[in-house]
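Number of protein chains: 6
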Amino acid sequence: MRPSGRTPDQMRPITIEPRFTRHAEGSVLIGFGDTKVLVTASVEERVPPFLRGKGQGWVTAEYGMLPRATHTRGSREAAKGKQSGRTQEIQRLIGRSLRAVTDLTLLGERQITLDCDVIQADGGTRTASISGAWVALRLAVDGLLASGKLTVDPIKQKIAAVSCGIYQGNPVLDLDYDEDSNADADANFVLLENGHIAEAQATAEHATYDEEALLRLLRLARIGCNEIFAAQARAVA
Amino acid sequence: MRPSGRTPDQMRPITIEPRFTRHAEGSVLIGFGDTKVLVTASVEERVPPFLRGKGQGWVTAEYGMLPRATHTRGSREAAKGKQSGRTQEIQRLIGRSLRAVTDLTLLGERQITLDCDVIQADGGTRTASISGAWVALRLAVDGLLASGKLTVDPIKQKIAAVSCGIYQGNPVLDLDYDEDSNADADANFVLLENGHIAEAQATAEHATYDEEALLRLLRLARIGCNEIFAAQARAVA
Amino acid sequence: MRPSGRTPDQMRPITIEPRFTRHAEGSVLIGFGDTKVLVTASVEERVPPFLRGKGQGWVTAEYGMLPRATHTRGSREAAKGKQSGRTQEIQRLIGRSLRAVTDLTLLGERQITLDCDVIQADGGTRTASISGAWVALRLAVDGLLASGKLTVDPIKQKIAAVSCGIYQGNPVLDLDYDEDSNADADANFVLLENGHIAEAQATAEHATYDEEALLRLLRLARIGCNEIFAAQARAVA
Amino acid sequence: MRPSGRTPDQMRPITIEPRFTRHAEGSVLIGFGDTKVLVTASVEERVPPFLRGKGQGWVTAEYGMLPRATHTRGSREAAKGKQSGRTQEIQRLIGRSLRAVTDLTLLGERQITLDCDVIQADGGTRTASISGAWVALRLAVDGLLASGKLTVDPIKQKIAAVSCGIYQGNPVLDLDYDEDSNADADANFVLLENGHIAEAQATAEHATYDEEALLRLLRLARIGCNEIFAAQARAVA
Amino acid sequence: MRPSGRTPDQMRPITIEPRFTRHAEGSVLIGFGDTKVLVTASVEERVPPFLRGKGQGWVTAEYGMLPRATHTRGSREAAKGKQSGRTQEIQRLIGRSLRAVTDLTLLGERQITLDCDVIQADGGTRTASISGAWVALRLAVDGLLASGKLTVDPIKQKIAAVSCGIYQGNPVLDLDYDEDSNADADANFVLLENGHIAEAQATAEHATYDEEALLRLLRLARIGCNEIFAAQARAVA
Amino acid sequence: MRPSGRTPDQMRPITIEPRFTRHAEGSVLIGFGDTKVLVTASVEERVPPFLRGKGQGWVTAEYGMLPRATHTRGSREAAKGKQSGRTQEIQRLIGRSLRAVTDLTLLGERQITLDCDVIQADGGTRTASISGAWVALRLAVDGLLASGKLTVDPIKQKIAAVSCGIYQGNPVLDLDYDEDSNADADANFVLLENGHIAEAQATAEHATYDEEALLRLLRLARIGCNEIFAAQARAVA
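Protein chains in written order, with the UniProt record's numbering: chain A, 1 to 237; chain B, 1 to 237; chain C, 1 to 237; chain D, 1 to 237; chain E, 1 to 237; chain F, 1 to 237.
Looking at chain A on its own, in the form it has when it is part of the complex:
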């Protein structure tokens, strides 16, 4: 039995509020149950130094957690003076995932930065961030298309992410904090709507796992991502 009473392949309710803030070219408040992440997409007409003059754009991400997004208050990274290894690992993953579905040459010499700030955390903040970031990116690119700055859509596909894990011996979908902190293994999958994989990461926490378990986790992830793709489609409709 899962602490939340969900079935093994049951996602938490997915909520997506597009255009949650006014200034960003794209923005969204995405919720996977009690996990809430504000994602903004900011378009800047310049590229980082390593891409100057190469005729292509860039998509990147930054991730943060408000100090009291969590059960007990964590320290503020700006006050500590550095981002944790966890933060950097997550923001690298988000950027990489969104670039996997963007044609950077079609984007032109501009950068889109996806800021993912966790307002409330209950497990799965990185996967909610990726899933929300696609919506924010979509909205920002729609604006570029509408204004004529872009004439061809550089976004090749939808992308979504979800966590799964082995909890008390059973593969389950979309871990919440109670499950995540006690899982034998947890995994994050970043999937495309056509079934392809952009990223698979599966980590033994309290017990190693076998190939069969890896495949069962991947299949759960497909179920979850299909729900997310549907929610994304409604949000940008």
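Keep in mind that a hint or two might mislead.
Because identical chains cannot be distinguished in the list, a pair is counted as satisfied if it fits within a single copy or across any two copies.
Simulated crosslink set (DSS-like; lysine-lysine; CA at most 30 Å straight-line) [claimed, not checked]:
(1) K80 x K54
(2) K156 x K54
(3) K149 x K54
(4) K82 x K149
(5) K156 x K80
(6) K156 x K82
Since the hints were derived computationally from the structure, they do not count as laboratory data.
With chain A held as given, fit chains B, C, D, E and F onto it using these hints.
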């Protein structure tokens, strides 16, 4: 004429959503028009080193601005590795203001941290933060009283803050970004419900000002704070 | 009774030694009683990036306290690797104050940096810094005028600053450390010779204050600044 | 055809020089072809703060790359003042992997730190680090057993890691730098001798991949890890 | 001919103003010509962690240069967020030199910190710092003896330092900035009154030097230090 | 008697393995007994900002110690976020020493960086670094000459360095860790093959020393450097 069409002594709509997040002992999303600040109050049963064993508590604040809260994206302080002088100045002001209405001895040997994170900025983020922080603090202390951890209320009074300024020669209340960025002078007042002043700061931006102007700004601030006191009362009712 | 035996409206002796060091374009050792601040004005023929090509100059300030300027040794900010919030707040105030009396367009595309280093502290270091910085700036600009680099004086007025506070219930002028550390409220005023205000900051420390008190503090500040204006005039004569 | 002329399932030569340095309780220079990593295991009779008094030990890792381990010189992280996101991601992975085969309770209240410093890089530095770290850990624990500080072996299994990827459409084992920098997708697997998985990470670089490809990469990894297990066994014999 | 017209073995005027500031247990403004360094000695009744419980004290130093001590303004180390290699090298030298003449066991479990802040620089700031630090240390220890906190004097000898160099082919004593920036070689010697050497450092700048030159520089240093010893004796008389 | 049984003027075995790594333009693993330092020389076709357009090149050095190069593990400077004063002092010395034998104008507008990383430490790491850096520089410059990028050799002479010290009252050559940590005084000399001195540094640790001792240490250093010059010649033959 003000860009927003407001009269000189007219506040923007004040919105206060108490208990906006679940984990914090107190939380609120406060809005002064398009300025939106999430404030959480976190109770910790320990005090900073300089107060250990002194039989009193502490109230402190941290302030942050999400990178795309503003019209153009600002850099993330956690990524830059330090908080700006502006950030530090504001969080010092917030903490000082809330301590002005808290009896730290009655609070006991515990610390309450007020995290003020700006979700969307349109002028007045520091005054919205102070005004919202009082609500978050009130909710957190109510919890301590309800649980029996406190038996006497350490909050002595309500406190609120608002900005005013000289815009195109006229004193006006509650500057939005358009006004703030062009004001001759701007001021922030932190006031108590009994009319007393906890903090007055008035700065010449494009023109110095005289004593008469200072008094007129203070009187506008009283008008604004009275509206905020009423909104605070409704929020914690 | 004040610990120093001064009357409520009595300044400490003001000492100004112009040209205290040789290399700077302007320099001064200013004393308000036992508070001693060395201020240098450095002229550089360049402006910060945000002003390049805008046809105007810049005046900025940096502030520091020698580790043993105080009663007990404080840690060296260079060794800790960052400037405190207090330091940043003060240097922002100093720069803003001096810019309030400088016509930056007349200054031309050059920057004047006012370094205010506290040699010995006994209360009022920020107000002594501002008052001394005007002298250093005046000397540096006189040099630019004498050399023909400037033909029109960009300094519009004198500026001075002084602290006041409510000490044991009474408004007093120019707090020393003993008073400052026990004041109910303290205030810093930055005033022009024509009576206008560039900056007013009044903070409740142990007790909030009312409008009447604010006005009495401002009037004390005028008395103090008039003495400082006279001392500045003698120093640059 | 692979640039090196290897077959798809062919590892580069694996070299392991145990006891490469004298001071560390365990040390090894491991080579996967031209990739050379020096790993030392340092035993300290204390645990990090979060584990004090919990009756268990800790295994952790730090990773670094000498500035000229690479084709062109990279900047020294100590001089830049921070570790990159990549460095932190890798050292977190190494520590996690080694903890997966260590019984931390049997280790007792002591910490073993695995320092993995890349002397020369040609792809696969993180997997060489993990594979070498097991040898260094084994040697250090053997010392603790020999000295009587431990009486029961806390290392539960062998662990090894290898990279694989899709290069020009074909799954290949143990990418060198030429392949790694042009791969469609690359993956790192951390495997146990009994076939279980401690960590699987597969990332689309230039093209997403499907479930079948993921399984083929995993099977290549098993081939590679079996060679590494044999080399580890020879090294500690 | 030296730019200043001095003879090869002629020091600049040495000025020592003891008790230049009020709060420090010892303080001095020392001048070697236009080089002016403020040195304070701060006594703290604690020792650094590595000496706790070892029954001995510690003497250490910190060095700083005010931004406009030099001909052109240098950046403030506190603002840059780190001390330069030069600063650290100098403060390590100062601390080591003073410890060479202090019996740390006799000092008891307390620390004396020598803060050397350069007010104005014209060559020789590190040697002026060491020479002044001895005076500040002497004054601080005299206070400890006078108050009965110490009964036996832990200072074993006088110590002084001076620079020398090869300027236009000739060994000269006490380089000023003009000479220092053009010297073929420069050297710093830290000497005891009994003729012994605590530190000798001689560096080729534009030309290497031979043993004979090293000895001639050392002999010039003896001449200079004897003058400094006399000035130190007058200052603490 | 020396702990190692060596005679006072006996060096430890000198080992030099040129071309220890593949990517660097020059590389060497140098050993003075158990002290092992990997030095690489990296050629970059650019100069630091302060030399741009001046028609000359630059030679600089960076130094690091692997965390477990020493008897007990030291913390990793990259993880601490700054280089120690000792590290900076050493790398400044290495760079200065190599520049003393390089004609920077002949080098052209390029920079050669010498990275000295201590693999294993047993005293004398800075002198081994300098001695090895000459070999790495020589190899890198030979490559520039062979490729025709340089036509005239900018290296003017060989340079080598060795430590000496007063151990139990006797001057000895090439201190190992046991001697170094107990020496009364220690010294580092950087010498040219023609007998000239590039750098002499002699420091009292537990006892000051006299002129006669300084000269005896210098003479021991000549003996040691002559052995190093011979080893360097063999390595680059």
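### Query
Among the hints numbered above, which are violated by the structure, and what are their numbers in rising order?
4, 5, 6
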